[in-house]
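Between the sequences and the hints, there should be enough to build the whole structure, so can you do that?
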Amino acid sequence: MTTDNIEPIKKEIRGYVIIFIGIVSLSLTAVFINYLHLPLVAAIILTILIAAVQVFLAAGYFMHLLSEKKLVLYIVLTLTAILVLAVLILPSIEHHNTIPGTVYTNVS
Amino acid sequence: MSGELQHYDLPFWKKYIFSQDHKVIGIQYGITALIFLFFGFLLMLLMRWQLAYPGQPLPVIGKWFGEANMPDGVMLPEFYNQLGAMHGTIMVFLGVVPLAVGAFGNYLVPLQIGAPDMAFPKLNMASFWVYFVGGVIMLVSFFVPGGAANSGWTSYPPLANIATTGQTYWLLGMVFLITSSLLGSVNTITTIFQLRAPGLSFFRLPFFVWGQLIAAFLLLLAFPPLEAAGVMQLMDRVFHTSFFMPTGLMISGQPLDISGGGSVLLWQHLFWFLAHPEVYVLILPAMGIVTEIITNNSRKPLNGHKLMIYSVIFLGFMSFIVWAHHMFLTGMGTAISTFFQATTMIISIPSVIILSYLFITLWGGSIRFNTPMLFALAFLPMFGIGGLTGLPLGLSTSDIHLHDTYYVIAHFHYVVAPGTIFALFAGIYYWFPKATGRRMNELLGKIHFWPSFIFMNVIFMPMFIQGLAGVSRRLYDGGASYDFAQGVLHLNKISTHGAWGLAIVQIPFIINFVWSIFKGQKVESDNPWEATTLEWAAPNCPPHGNFLKPVKAYRGPYEYSVPGAKKDFSPQFEEHT
Amino acid sequence: MSTETIPYTVESRYDTGLYNAKLGIWLFLASEAMLFGALFSSYILLRVGAVDWPRGSSILSVPLGAFNTVLLISSSLTMLLSWAALRLKDFKKFKILLGITILLALLFLSVKSYEYYLKFEHHLFASKSTFLAIYFTMTGLHALHIIGGIVVNTYLWGPGSRMWKTQPERFTNRIEIAGLYWHFVDLVWLFLFPVLYLL
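Protein chains in written order, with my numbering: chain R, 1 to 108; chain F, 1 to 577; chain B, 1 to 199.
You may find that some hints are simply not true.
Once the Cα atoms are required to be at most 27 Å apart in a straight line, the calculated DSS-like pairs of lysine-lysine come out as [as the list claims (entries may be wrong)]: (1) R:Lys11 with B:Lys92; (2) F:Lys122 with B:Lys165; (3) B:Lys119 with R:Lys11; (4) F:Lys15 with F:Lys522; (5) B:Lys93 with R:Lys11; (6) F:Lys522 with F:Lys493.
In short, the hints are calculated from the structure, not lab data.
As structure tokens, this is what we get:
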């Protein structure tokens, strides 16, 4: 990170502004979709998909993940991704897989 | 100047109290953790009196605990529960992990990788003091109305949600301890990745460093869910939310005025998501210490070095997907319990590989039976017993009978007490000359070792029998009120007498430790054990910056008895041997 | 490697391609991902097990949330541009852009406080339902992270910016690190807003 040239950085800045416009547009799209009052499952899938794309853009370009040297970041990110999946998914699977006759009392 | 270290002509408070030097911080962690370990042991000694002599007044000191806890010296169940919850919490979070990771990790990792300090010295200092504050909060909780947390170290709702004020202190203390841990693990991982000396590739790192690296990853990624859970339990207790409070809950016949809709299992998932990797954090530094000492005192290279490294990486990864084996009795169906049972069985494989290679390394070695080696050798069968007795717990069918019995207590104490703690003792004896320039006394060391080894087994072996007989854990009378337990009640006395023995025989250790700092036999060289790893290139009582000249690694970490070499050890840091 | 100074505080290490603080902040962000991940997991578990669960838009104000979302994404851009300005050696522009970032963050917090006030006014506290409980907890924890970011950014804007004169590269790196943290806070909101407000 020493003496960078001006032109490449100005190009980067143009890129950032474009990505910014993209992320904001996706947010507004998601809000618009909300007003369509879709059935819940469809709404969940669509909205999460949009959020995922936004996160990919923000992480990839704003946090310049896509231009870093790969190895170390892959380790950290892959591990986190797997674990977040484990934390998100396994407890809910467990919730649905019970011994017949079990009643979960958070549901009255 | 980038990343300049503190100059060493600093005022006393900057040099010893708010130091940024990893060695000073390591010693601060070490002393504090040893004091907490001792305190946690005292809590247990109190409990063991009640278990052996239920309902009887504790002579002489019983009255010191006040009317609220031990009226006329007789322990109340409420106080017993506080002792139990805090014994677990203090031993795990304030004692063993700070000693294994905060003390040993901080002190040795930079030295073993040839670095001048940790990557973030200020952060290191902050980590220690945040830990210290967390510890103070935990201790203070004994003195609030209602006493300390009393819902087990596991703090299950709804009991923990409605418990006395001490539980809120527990949660706040945990927030501090978790923060300290997170900052520390960021430091450790960055240090190991970034500050390795030239020539130190990952496969040339000592196994101790690998243990610390994986443990740091476990702490980094597993603690946050418990932090989230702690925040939610605080919300439940302070703002009366219902994260963990189910609908229709009645306390003493009265419905609670809460919104309901919460899930008690949610707490259990989040808690055990941390607590299972936590137990690997308890054992990995110990395995690292034992590996260093065994190779050094067998004068042999480590058998299966590469496979051990792959095993420890695999172990770290697997430790994140076994947690619900602590929850087999929550009504989970066969699909999920099969999944967790399978992952639990699989995770025993890397442990077996590591233990086996440590045994194999001994074979054909020139064994030196000094005190650190005795403790390291004892670790092997003790951890073996602990590990093997975990198998019936990991299989859901047998766990149905053993869950929450004394069998579980015996299993995990075997792994942590004559397991990890013995390894930590070994480490103290082994690295004492590096830190102080003096040896600890060998005779006192052996007086410490042999009775400790015997008493550990006297205390914990009977608990397997009690557990198999069905005696539950966390019973303040030790099972005295249950018919089926009558036949094994006498074992309570055996365990208690063993605990007294263990306590007495720590005295020679404490005397040895303190006396040797000032009057111990001075060592002749920087490398008195004739070891191969980089910390022995630094002078004893290493100065700020650690090494007198830049270090380089020329070979692997366990080059003992290399054919054709002049000495029976070829240090990593020497170019020609 | 010198025996006194810690290497790779400014220049990157050849094999990892990172300088120390960058690896450090990514590790920290990994732990933060687990923290918020655990809260999202709790949200899923609580919702899946609930008898009924309100659509977010029936309780929360989508226009306010959307406005806040745009504020936060904009602050992410200005933060990034302030770092770019430093790389172009334009200190004045850096100060303006970082200042705007801080202001946008403060505006976000004001809108959030107003939203909280609207709820409290109608006695809609966290204790009223698990939806409100998770809403207040997640947005509250997120707001604490915003406050943390504001504190760090203000320090770097104010007293911390003196480092530009003595160690410009190290200071530029500090802005990059603070930026990475700030983008992460924005990332969390990019999931938080749709999940809480739109579903």
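Non-conforming hints, listed in increasing numerical order: 3 and 6
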